[in-house]
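Given the structure of chain A, go ahead and fit chain B onto it with the hints provided.
Number of protein chains: 2
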Amino acid sequence: MPLSDSIELREVGLRDGLQLVKQFPSTAQKQRWIVAAHAAGVRYFEVGSFLPAKTFPQFADVSELLATVAGLEGARSTVLALNERGLNDAFASQADEVALVVSATEEHSQRNARRSRVDAVELVRRARALRDGTATDKRLVAAISMAFGCSIAGQVDPAEVVRLTGECFDAGADMVSLADTVGYAGPSQIVALVRAVQPVAAGRPLGIHLHDTRGLGLANASAALDEGVCAVDAATAGLGGCPFAPAASGNIVFEDLVFLCQTKGIATGIDIPALTAARAILAEAMPDEPLTGALARAGLPLGHVQA
Amino acid sequence: MPLSDSIELREVGLRDGLQLVKQFPSTAQKQRWIVAAHAAGVRYFEVGSFLPAKTFPQFADVSELLATVAGLEGARSTVLALNERGLNDAFASQADEVALVVSATEEHSQRNARRSRVDAVELVRRARALRDGTATDKRLVAAISMAFGCSIAGQVDPAEVVRLTGECFDAGADMVSLADTVGYAGPSQIVALVRAVQPVAAGRPLGIHLHDTRGLGLANASAALDEGVCAVDAATAGLGGCPFAPAASGNIVFEDLVFLCQTKGIATGIDIPALTAARAILAEAMPDEPLTGALARAGLPLGHVQA
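Note that the protein sequences, when read in sequence, are chains A and B. If you're matching positions, the first sequence starts at 1 in the working numbering and goes up one per residue. If you're matching positions, the second sequence starts at 1 in the working numbering and goes up one per residue.
With the rest of the complex left out, here is chain A:
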């Protein structure tokens, strides 16, 4: 079974990877990146967010990128919406999917989004009403950020994440993604939380969003895949490190995630050497940004057959 029918490997580098950078690719460079990744077999692209271009110039070209993805066979696009206005823009756009964020902790919700978790879930409900009202087929994804621990509140009660997951599904989300936003989890926490939310998911798809902050990103992805998540976020070259900690790892490395899948016998339809070659576009566009990743350095094992 091809990946597109089973596990979605989602390239979030264009959004989460560029969220905090000061230097970012031009629209043409982003388009080259998307086209190259698509040619390597990538099908899911989170391309940006509708935000004021003055504050977030890296996302000013989101509509052009949505058009680029729309022109590629089998490719699907996601935009992140952070408020009512972004939601309206997203629904008026070419995006195939709209993602919203609900913080696992009230502290992070207030500090990061300046709203309560109740209001965040309300935005999911509003999105669903917009979707139903406009008869669009856009998919709605709710991400629970800080689901495995919070850099403001510390430890997070898994019961709270289960409750919020249920609320997001009840509010109309088609998929809920559990985000280890700051890289606190180990595989045991992944297994425990995915199992804990499965009853409220009741067969509806669960995704996972992982950062490699403490080196366990791929161990966590492995655990999540074994537990049956349908979607895994990652970024080419591990983009998305914190600008205040230059050597800190960002999102899990997309190429390395593909290799993990291949070792598991999960068909990805993605060619690793073709994908790592696309890193040259990033290196040219962001010469000061650290590009991480093991497959780009080491190459495929001798005798390895890509699934």
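Be aware that one or more of the hints could be misleading.
Identical copies look the same in the list; a pair holds intra-copy or inter-copy alike.
[Stated by the list, open to error] SDA-like, lysine to any residue: derived pairs with alpha carbons at most 25 Å apart: (1) LYS22 to GLN306; (2) LYS138 to ALA307; (3) LYS54 to GLY203; (4) LYS264 to GLU160; (5) LYS264 to ALA159; (6) LYS264 to SER188; (7) LYS264 to PRO158.
I should point out that these hints are in silico values taken from the structure, not numbers from a laboratory.
Using the frame of chain A, we list chain B on its own:
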């Protein structure tokens, strides 16, 4: 249960981490490293190999390091023996444990050790005879290198590794360690091979030796721990990268392995901040050697309680 009674986290940086380097710490620096790691809670140290000092000057001080470890409470030392002469030296030394290597493939055995696998197993038998004859209590470990794939022969038949594991135990090894020498494995291969060798191990301890060459080192460690291995090798700061590929990852990072164990609720007795602080000794001793590792960058999660 403290780690020393359950899972051995084995510092191999002094041996495998320095195997290929041109620049290495002085004896005094190595001793400071050992003492600092011991103070942080590390108890297992592979300190070197008895080899000609002209070819391998980094191991010329192995006897002094064995004396250092012998003076530290609860600490145990390992030396690698590569031939009959090394074996005699090892048995005459203060080492608590002698390690030998058997290649999983005939090609690698001939190329790397200039001997057959049959001869390598014979050396294990010879070691056991020496142990029994001298009434020493030195433990014997046989490592199966290239157990998950070979950089010369490519794919490795797991049945061959099962066979060699049985032969090593039959020859007298107290523990057999499966080595992913070139970082070819994914967690599924770890699970499959550990399960395949368990019948021939018949309850005798199994270890695992992992390289992070393709980013899956900690994912593989997690899988191995879940499958019940008793010992995991790692190196502070991930020492052991290939000198011909400067950015290539070496052994799995010891500090990050400790964090993995802590997230699993495995008591390690090791303090991560104390251990990462010891990296300063390596940075001073080998300023040109890349030191990797996530915990050293990111620190412990807020609210994390070390097991």
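Tested hints:
1. LYS22 to GLN306: Result: close neither inside a copy nor across copies, 36 Å intra and 36 Å inter.
2. LYS138 to ALA307: neither (30 Å within a copy, 45 Å between copies)
3. LYS54 to GLY203: neither (41 Å within a copy, 65 Å between copies)
4. LYS264 to GLU160: For LYS264 and GLU160, only the inter-copy Cα distance (21 Å) is at most 25 Å; the intra-copy one is 32 Å.
5. LYS264 to ALA159: between (31 Å within a copy, 19 Å between copies)
6. LYS264 to SER188: For LYS264 and SER188, both the intra-copy (19 Å) and inter-copy (6 Å) Cα distances are at most 25 Å.
7. LYS264 to PRO158: between (28 Å within a copy, 16 Å between copies)
Checked against the numbered hints above, the structure breaks hints 1, 2 and 3 and satisfies the rest.
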